[in-house]
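Dock chain one against chain two, each of which comes alone in its own frame, and use the hints as you go.
Line order of the protein sequences matches chains A and B.
Each residue of the first sequence is one higher than the one before, starting from 1 at the first, in my numbering.
Each residue of the second sequence is one higher than the one before, starting from 1 at the first, in my numbering.
Do not take every clue at face value.
What the hints assert, rightly or not - Over the 12 Å line for every Cβ pair with chain B, so calculated as not near, a few chain A residues:
| id | residue |
| --- | --- |
| 1 | Phe21 |
| 2 | Glu48 |
| 3 | Thr54 |
| 4 | Ile69 |
| 5 | Asp70 |
| 6 | Thr71 |
| 7 | Leu140 |
| 8 | Val142 |
Unchecked claim - Computed spacing ranges between beta-carbons, pair by pair:
| id | chain 1 | residue 1 | chain 2 | residue 2 | range |
| --- | --- | --- | --- | --- | --- |
| 9 | B | Thr55 | A | Ser58 | 15 to 25 Å |
| 10 | A | Gly53 | B | Met135 | 43 to 53 Å |
| 11 | A | Pro116 | B | Pro202 | 41 to 51 Å |
| 12 | B | Thr155 | A | Ala101 | 19 to 29 Å |
| 13 | B | Ala67 | A | Ser58 | 36 to 46 Å |
| 14 | B | Arg231 | A | Asn66 | 50 to 60 Å |
| 15 | B | Thr51 | A | Leu44 | 50 to 60 Å |
For the record, the hints were derived by calculation from the structure and aren't laboratory data.
Where a beta carbon is used, it is the ideal one built from N, C-alpha and C, also for glycine.
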Amino acid sequence: MGSSGAFKTGLVALLPRLRRFAHGLSRNPADADDLTQATIERALRSSEQWREGTRLDSWAYRIMRNLWIDTARARLRRAEREAPAEDAEQIGVDPTGAMEASVDLAKMMSAMDRLPDEQREVVALILIEGFGYREAAEMLDVPMGTVASRLVRGRTALLELVGVERAD
Amino acid sequence: MNVPTDEKFFAWLDGELDDVEAARVEAEVAADAKLGELAAQHRALQARLQTAFGTVLDAPVPAPLTAATDDQRRGEVLQFRAKPHGPVWKMLPLAAMLAVGILVGSLIPDRATGPIQVQAGELYAAAALNDALDMQLASAPSGDIRIGLTFRDRTGAICRSFTGPSSSGLACRHDGRWALRGLLGVPEGQADDYRMAGGENPALSNLVDSTIAGEPFDAARERAARDSGWR
Numbered sequence: 001m002g003s004s005g006a007f008k009t010g011l012v013a014l015l016p017r018l019r020r021f022a023h024g025l026s027r028n029p030a031d032a033d034d035l036t037q038a039t040i041e042r043a044l045r046s047s048e049q050w051r052e053g054t055r056l057d058s059w060a061y062r063i064m065r066n067l068w069i070d071t072a073r074a075r076l077r078r079a080e081r082e083a084p085a086e087d088a089e090q091i092g093v094d095p096t097g098a099m100e101a102s103v104d105l106a107k108m109m110s111a112m113d114r115l116p117d118e119q120r121e122v123v124a125l126i127l128i129e130g131f132g133y134r135e136a137a138e139m140l141d142v143p144m145g146t147v148a149s150r151l152v153r154g155r156t157a158l159l160e161l162v163g164v165e166r167a168d
Numbered sequence: 001m002n003v004p005t006d007e008k009f010f011a012w013l014d015g016e017l018d019d020v021e022a023a024r025v026e027a028e029v030a031a032d033a034k035l036g037e038l039a040a041q042h043r044a045l046q047a048r049l050q051t052a053f054g055t056v057l058d059a060p061v062p063a064p065l066t067a068a069t070d071d072q073r074r075g076e077v078l079q080f081r082a083k084p085h086g087p088v089w090k091m092l093p094l095a096a097m098l099a100v101g102i103l104v105g106s107l108i109p110d111r112a113t114g115p116i117q118v119q120a121g122e123l124y125a126a127a128a129l130n131d132a133l134d135m136q137l138a139s140a141p142s143g144d145i146r147i148g149l150t151f152r153d154r155t156g157a158i159c160r161s162f163t164g165p166s167s168s169g170l171a172c173r174h175d176g177r178w179a180l181r182g183l184l185g186v187p188e189g190q191a192d193d194y195r196m197a198g199g200e201n202p203a204l205s206n207l208v209d210s211t212i213a214g215e216p217f218d219a220a221r222e223r224a225a226r227d228s229g230w231r
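Excised from the complex, chain B in its bound form (with noise of 0.2 Å):
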């Protein structure tokens, strides 16, 4: 029987191989224990390379990391009420928008009058934006800052996604406030129009589909959760 080379083993187990010498890879392996042994140790290390170094992709990016990006970003997207720019947010993904959230912390003052407050590292809804989430229904808009959908997340702490003149968010409700999950610029063409709150904006769409559990409440389960205070 053959035997293949390292190179072509490996080869085969990373996938390189076209599909006829794969099969024929596969069928030696097949018929061979030490080499079927050999491909599961290494797979598992893979796996192993994988679990161990995926923990550096889950865990935050270190604030200074983030802040070597931030100069520009603090016009473009970041500021609640920054003049609309082009849709640099058709970039986004969710990962950078997230990046983006702790970003925010050291770039926004903590003024009182601003609609965002940072407060150990968390950014929380303040002023007009805290009070159209606290009040506002989706029916009944009312002010520049419009509610599209309520729902709980995993955690099943409720959280509304909201649109501005210029941005577009999500905040869910921490230590009974308003934390902020998203920010988003509000795409050019499209700041008059900002009625459409909630899923019209694909990256807040996205980032909705990444946080909800289960449905978005109806009219009138997001109203007696206003009643509740948001619990």
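Same shape as in the complex, but just chain A (with noise of 0.2 Å):
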């Protein structure tokens, strides 16, 4: 009972950060916090799965990603159906200045939703929810050098959705 106290303490205090990484893999917040909430659920079912002494964020974040994985065909088509063009239109108007961070999460979030599934993941954990290389390779079950030239590729191709400018 007490490590199962801990367990749940623990899952609640990642709350806020799974959700972040929901949002990063997800195409509205809507879907994030339904993300979040198949996360926890399952988190929950398969509290026995999780060995005391690792890292319980790493697990809970692969069981998000996992879940993700599972819809992905879905979004596909969903994604397949709707024309890109208007939104890298609107994504690319001012970036910069003095926006507000939360409508400017929105843009970022539409950003994400263009790349393909493999590069938003690596993006979201390595640039958004600060994970390591080695982290993140574990996490997803491919090689570091993997994980590396996904992320070359996602950052680069985020950069030229988004536009950032030298805020110098």
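Following this line, the structure appears as structure tokens:
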């Protein structure tokens, strides 16, 4: 019961970060919270699979990522039906200056949504969530070199999409 | 001059290279204005990502998400008069505690006699807890609830930490009432020794530290604050 309490406490503590990761993966905030909810439920059901002494965050992130991948095919079909051209123009508008961070979140989510899934997840894990290459590779079950090359492509595409200018 | 591969350049940018390699790439970037510009652009991109997505981190977690984790916690941490349990709180960082603060709103029944009432999503002290926060001085404990520290938070509101037989917490003035900012279980074995209010429970200390602006009130200031209605 002690470890169960610690597990739940840890999970509650992770909620804000899990939500952030879900926003990095999802196309809108509603989908992100659905994904977070599904992740929490799956984590609670699978709690006996988590080994005490190992990182709970990596474990929970992996659950979220796998749930997200499960829906990837459906997402892809939907994306193919939608023309991205208009989005591109909106995303490119005035990316610098005093834009509200919360407004910018919608733009950044929209840009992230344009990346291929395998690039998007490494961008989210490393550039937003702050994991190292090795941690990301372990979570995604791919070699570190693969993580590195996907990250190069993902961040380069993202830079083109949002057109960040230097803030100096 | 050598130009680093994309992978190596970005690994350098992300702090993934060892010192020797990092120094080499750094020198190459320093010698190449284009690379320097590219590094700046990507640093700006990451900063922008972190700022934008950081708004999610700072936002309250929606109740349906916290509710998904609530069932057992209800007995362990949240009920003010719950039987003391194991030291679950030791694992409880501040973020969790604040999440609990939101979560608890959906859990504690709105009973007129309970020590906590829920109103418009805020948790307020009621009954004996409210009386203790309103009237008791740290120097003159009486009843089941002891007051620890009294201080102002960054918004200027007066806050007081308290410890009861099975819980401790922090409440701050909000709209003329005591709004709960955190509620913690008392660790097993310390339940009878709750005179140590305010500071002995590290989680409560952390909460106080993150809330307080300036120094805690001394006895004279505490009394004066009470006599002027905690304004």
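Each hint, compared with the structure:
| no. | hint | result |
| --- | --- | --- |
| 1 | Phe21 | 9 Å, violated |
| 2 | Glu48 | 15 Å, holds |
| 3 | Thr54 | 15 Å, holds |
| 4 | Ile69 | 20 Å, holds |
| 5 | Asp70 | 19 Å, holds |
| 6 | Thr71 | 18 Å, holds |
| 7 | Leu140 | 16 Å, holds |
| 8 | Val142 | 14 Å, holds |
| 9 | B:Thr55 <-> A:Ser58: 15 to 25 Å | 24 Å, holds |
| 10 | A:Gly53 <-> B:Met135: 43 to 53 Å | 47 Å, holds |
| 11 | A:Pro116 <-> B:Pro202: 41 to 51 Å | 45 Å, holds |
| 12 | B:Thr155 <-> A:Ala101: 19 to 29 Å | 21 Å, holds |
| 13 | B:Ala67 <-> A:Ser58: 36 to 46 Å | 25 Å, violated |
| 14 | B:Arg231 <-> A:Asn66: 50 to 60 Å | 53 Å, holds |
| 15 | B:Thr51 <-> A:Leu44: 50 to 60 Å | 32 Å, violated |
In summary, the structure is inconsistent with hints 1, 13 and 15 from the numbered list given earlier, while agreeing with the others.
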